[in-house]
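Under my numbering, the first residue of the sequence shown carries the number 1, and numbering increases by one thereafter.
Mixed in with the good hints, there may be bad ones.
Under the rule of at most 20 Å between Cα atoms (straight-line distance), these lysine to any residue pairs were calculated in the SDA-like manner [said to hold, decoys possible]:
| # | residue 1 | residue 2 |
| --- | --- | --- |
| 1 | K79 | I104 |
| 2 | K79 | H51 |
| 3 | K79 | E126 |
| 4 | K79 | N107 |
| 5 | K79 | I61 |
| 6 | K79 | A14 |
| 7 | K79 | G96 |
| 8 | K79 | E114 |
| 9 | K79 | Q66 |
| 10 | K79 | T100 |
| 11 | K79 | P95 |
| 12 | K79 | T121 |
| 13 | K79 | S40 |
| 14 | K79 | L55 |
| 15 | K79 | L89 |
| 16 | K79 | H119 |
| 17 | K79 | R110 |
| 18 | K79 | A99 |
Just so you know, the hints here were simulated from the structure itself, not pulled from any lab data.
Being a predicted model, the structure only gives us computed values, none of them experimental.
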Amino acid sequence: MNKWAVSILLTGAALLIGLFLLMKPSQPPATPLSNLPPSSPPATIVDFTIHDGQLADGPAILTVAQHAPVTLNFLTNQKDEAHLHGYDLSARLTPGEAATMTFIATNSGRFEIELHRTHTTLTVLEVRPRQ
Numbered sequence: 001m002n003k004w005a006v007s008i009l010l011t012g013a014a015l016l017i018g019l020f021l022l023m024k025p026s027q028p029p030a031t032p033l034s035n036l037p038p039s040s041p042p043a044t045i046v047d048f049t050i051h052d053g054q055l056a057d058g059p060a061i062l063t064v065a066q067h068a069p070v071t072l073n074f075l076t077n078q079k080d081e082a083h084l085h086g087y088d089l090s091a092r093l094t095p096g097e098a099a100t101m102t103f104i105a106t107n108s109g110r111f112e113i114e115l116h117r118t119h120t121t122l123t124v125l126e127v128r129p130r131q
């Protein structure tokens with residue numbers, strides 16, 4: 001190869017490298033929203049006050065999104081046990097002491113939370129499927 005051909009070849013290679021460096025994106029493209037994992041629903045924390053086996057304070061119906069973290073706090077003046085049907089969760093209630101039931105609302109539907117000693121329904125948990 002003569003000097004003229006080598007010179008043209010090197011100039012062409014330099015031009016291609018220069019164009020590549022000039023045209024390449026500076027950052028990777030953003031991930032489309034449709035490819036992002038769904039965000040988890042917000043946590044729900046609810047306080048219940050029970051007096052003489054009856055709901056004194058707290059919602060009669062509690063609605064949460066499916067897969068939401070849920071924390072239920074109970075305060076009572078009588079010994080009992082709160083039971084969440086459909087999840088088979090329970091919390092021992094001792095007078096004057098806070099009791100907590102924490103779970104992820106994986107099952108959709110309506111579920112009663114009742115007191116075992118008095119067989120009183122405290123509230124209904126509604127778990128709505130995620131859209």
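Straight-line alpha-carbon gap K79 to S40, limit 20 Å = violated, 35 Å
20 Å limit on alpha-carbon distance, applied to hinted pair K79 and N107 | violated, 29 Å
Are the Cα positions of K79 and P95 separated by 20 Å at most?
-> Holds. K79 to P95 sits at ~6 Å (cutoff 20 Å).
Pair hint outcome, K79 versus I61 [Cα-Cα no greater than 20 Å] | Violated. K79 to I61 sits at ~23 Å, over the 20 Å cutoff.
Taking only the CA atoms, is the gap from K79 to A99 under or equal to 20 Å?
-> The given pair, whose Cα atoms are some 11 Å apart, holds under the 20 Å limit.
Are K79 and E114 close enough, with their CA atoms no more than 20 Å apart?
-> With Cα atoms ~14 Å apart, K79 and E114 stay inside 20 Å; holds.
Taken at face value, is the distance from the CA of G96 to the CA of K79 at most 20 Å?
-> holds, 9 Å
Under the criterion that the straight-line Cα-Cα distance not exceed 20 Å, is the pair K79, E126 satisfied?
-> violated, 26 Å
Is the straight-line distance between the alpha-carbon of K79 and that of T100 20 Å or less?
-> Holds, at about 14 Å.
If you draw a straight line from the CA of K79 to the CA of R110, is it 20 Å or shorter?
-> violated, 26 Å
Holds or violated: are the alpha carbons of K79 and L89 at most 20 Å from each other?
-> holds, 17 Å
Would you mind confirming whether the straight-line C-alpha gap from K79 to H119 stays at or under 20 Å?
-> Given that 20 Å is the threshold and the Cα spacing comes to 13 Å, the pair holds.
Figure legend: structure checked against the earlier numbered hints; hints not met, in rising order: 1, 3, 4, 5, 6, 9, 13 and 17.
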